[in-house]
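Residue numbers (our numbering), protein chains in the order written: chain A, 11 to 335; chain B, 11 to 335.
Since the hints were made in silico from the structure, they are not lab data.
Warning: the hint list may mix true and false statements.
Capping the alpha-carbon separation at 20 Å, the derived lysine to any residue pairs in SDA-like fashion look like this [as the list claims (entries may be wrong)]:
1. Lys297(A) <-> Gln66(B)
2. Lys319(A) <-> Lys134(B)
3. Lys297(B) <-> Gly219(A)
4. Lys245(B) <-> Lys297(B)
5. Lys283(A) <-> Val295(B)
6. Lys131(A) <-> Ile168(B)
7. Lys283(B) <-> Pro290(A)
8. Lys283(B) <-> Ile168(A)
9. Lys134(A) <-> His301(B)
10. Lys319(A) <-> Lys245(B)
11. Lys37(B) <-> Ile170(A)
12. Lys297(B) <-> Gly64(A)
13. Lys14(B) <-> Glu221(A)
14. Lys319(A) <-> Asn229(B)
15. Lys297(B) <-> Ile168(A)
16. Lys297(A) <-> Glu166(B)
17. Lys297(B) <-> Arg304(A)
18. Lys297(A) <-> Lys283(B)
19. Lys319(B) <-> Lys242(A)
20. Lys319(B) <-> Gly219(A)
21. Lys319(B) <-> Trp39(B)
22. Lys319(B) <-> Pro322(A)
23. Lys287(B) <-> Ile285(A)
24. Lys283(A) <-> Lys283(B)
25. Lys131(A) <-> Thr321(B)
26. Lys37(A) <-> Lys14(B)
27. Lys297(A) <-> Trp39(B)
28. Lys287(A) <-> Lys37(B)
29. Lys287(A) <-> Gln263(B)
30. Lys283(B) <-> Gly323(A)
31. Lys297(B) <-> Glu161(A)
32. Lys283(A) <-> Thr125(B)
33. Lys37(A) <-> Trp39(B)
34. Lys37(B) <-> Gly323(A)
35. Lys297(A) <-> Lys37(B)
36. Lys319(B) <-> Gly323(A)
37. Lys37(A) <-> Phe222(B)
38. Lys37(A) <-> Gly262(B)
39. Lys41(B) <-> Lys319(A)
40. Lys283(B) <-> Lys319(A)
Computed from a prediction, not measured in an experiment: that's the story for all the values here.
Number of protein chains: 2
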Amino acid sequence: MNTKQVTVAQYGIGPIGAEIARLLLTKPWVKLVAAVDIDPGKIGKDLGDVIGLGRQTGVKVTKDLPSKVDVVCHSTASRMREVDGQLKSLLESGAHVISTCEELSFPLDKQIRETLDAVAKANKVTLLGTGVNPGFVMDKLPLTLTAVCQEVTALEIIRIQNASTRREPLQRKVGAGMTVDEFRKAVDAGKIKHMGLKESLILVGHGLGVEFDTVSDENIQPIVADREIVTKYLKVAPGQVAGVHQTIEGTGQINVRLELRMYVGAEAVAADKVIVKGIPDLEMVIKDGVHGDRATAAMVVNAIPRVMKATPGVLTMDDIPVSFR
Amino acid sequence: MNTKQVTVAQYGIGPIGAEIARLLLTKPWVKLVAAVDIDPGKIGKDLGDVIGLGRQTGVKVTKDLPSKVDVVCHSTASRMREVDGQLKSLLESGAHVISTCEELSFPLDKQIRETLDAVAKANKVTLLGTGVNPGFVMDKLPLTLTAVCQEVTALEIIRIQNASTRREPLQRKVGAGMTVDEFRKAVDAGKIKHMGLKESLILVGHGLGVEFDTVSDENIQPIVADREIVTKYLKVAPGQVAGVHQTIEGTGQINVRLELRMYVGAEAVAADKVIVKGIPDLEMVIKDGVHGDRATAAMVVNAIPRVMKATPGVLTMDDIPVSFR
């Protein structure tokens, strides 16, 4: 890592893409050479201005990738069908691609997965979906923890995030400030849903080497405030919605249950927790939990040296070791 | 994994080797075909009798490896100079080797490491040192946790093991029941020392991509009982030694400190803890800590499918992903 810089492009300069770009610019082993976005308001501007860096970077935002790079950090959308064309053409350019697309963390559509895998292998590059969730706290970290177990019969993975410390769009996205009725309508319209929970569950099963007999639907419920909660951006009255409670479960040889609670006013209980029933039983807690946006950018950047050493094709977080770099 | 069984030999049938063998025999994807030990009292006997299984396995303990296998699980000694000849000949037989030799978790002797690496590569097989500590709780797990960090400035890794629940040799090994004077003499004679703490530290630095400016000596101190402690095997009077307190520290771009406390009577405080100073700060706790012997066997067996997919050569736990299998 000390000898030669890795050339990297940031593809997608939304809130997460900007966070990734800021982090990339701090790494001595990275040379950020390109920044891509479709927004006409960003194209042609210096990346430093677009991400509020307070200095110029010498990298102008472009509509397309201007040259071949070693690695593309991709952060544009959550669904495979929205990103699959982008990923294909990036792989064809000969770049490894690390993406925050939630559905890419374990591509459930076999045909899309096989097509991307073939393109990646033909170009001798790797495609990885990562992030903090999906990508780490509810899949990679619990999987890693089970390595000390002689037997695992059940796994419970609980993430309680305090949305009060997160950006406004996220507070709105979990339904904070809605009535229960508005919340249920938003759920039915597909507007309130944490993406990637099912992918995390299937990734955990895959890593443990089991196929579930049954996989439940995702259950999405409101968390109702029992007191007034005030954040920097909004106010929730008692009886209004503070956030979302989402669960999914796979049963079979090993039962795995994922529970995600994201709501404002959760400061006292925020944590990431993994409970393993097996030999031995295990209970792991990360106090306050891992903060979403910052950690997602870290996961992407820290994965770069690992992906460059990995085998070509579509990989998941179960296929590579990770650490800060 | 479902299609073809992996042929495995257990090399070394001491307490840990026996635990690994017992676990191997429960795995449907493993075919345990050989068991090797130098003890004349074990050679020629059925493995089931030697490990107290209560049934015959059809595998007789032999002095040497009787045939080529896919993977050898190796558990004979803690020091590289004691195992290096064994490892070389096992690799030359064309088998992947996973060993609990503590010094193999990060081979500090460059010449031995390079020789073994060349032998492994020439035979297209992989050599891995693993275990719970070194191998997981004080190196692999903290490294994995740092993947969510944009920045890491310091890492503190604390393992407090309650020796009361461990086997008698381990209780004796940590000095339980000694006077402080006896303890200090045993430390000076090299008889009380947890093996592998330095290897864990260097492995953590390696995984984080930093070289330490300074690495401290290992500091080994007695933990003195302030009350009577009675275990299944021994009794410790107030003022006598309950166990060992061992620390090591690396400083530089990232400061890393490892602290190991193994003593009888630690039930109330036993835990594995990782504290990361960085962006974000993190505090991870595994309640009661991960039990040593059972977990070491699990680490070895769970590593089998990962090692079979890895690149040839001498690898460390930083090079492979892990999970229960």
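Hint by hint, work out which the structure violates, then give me just those numbers in ascending order.
Checked against the structure, the hints that fail are numbers 1, 3, 4, 6, 9, 10, 11, 12, 14, 17, 19, 23, 26, 27, 29, 30, 32, 33, 34, 35, 39, 40, while the rest are satisfied.
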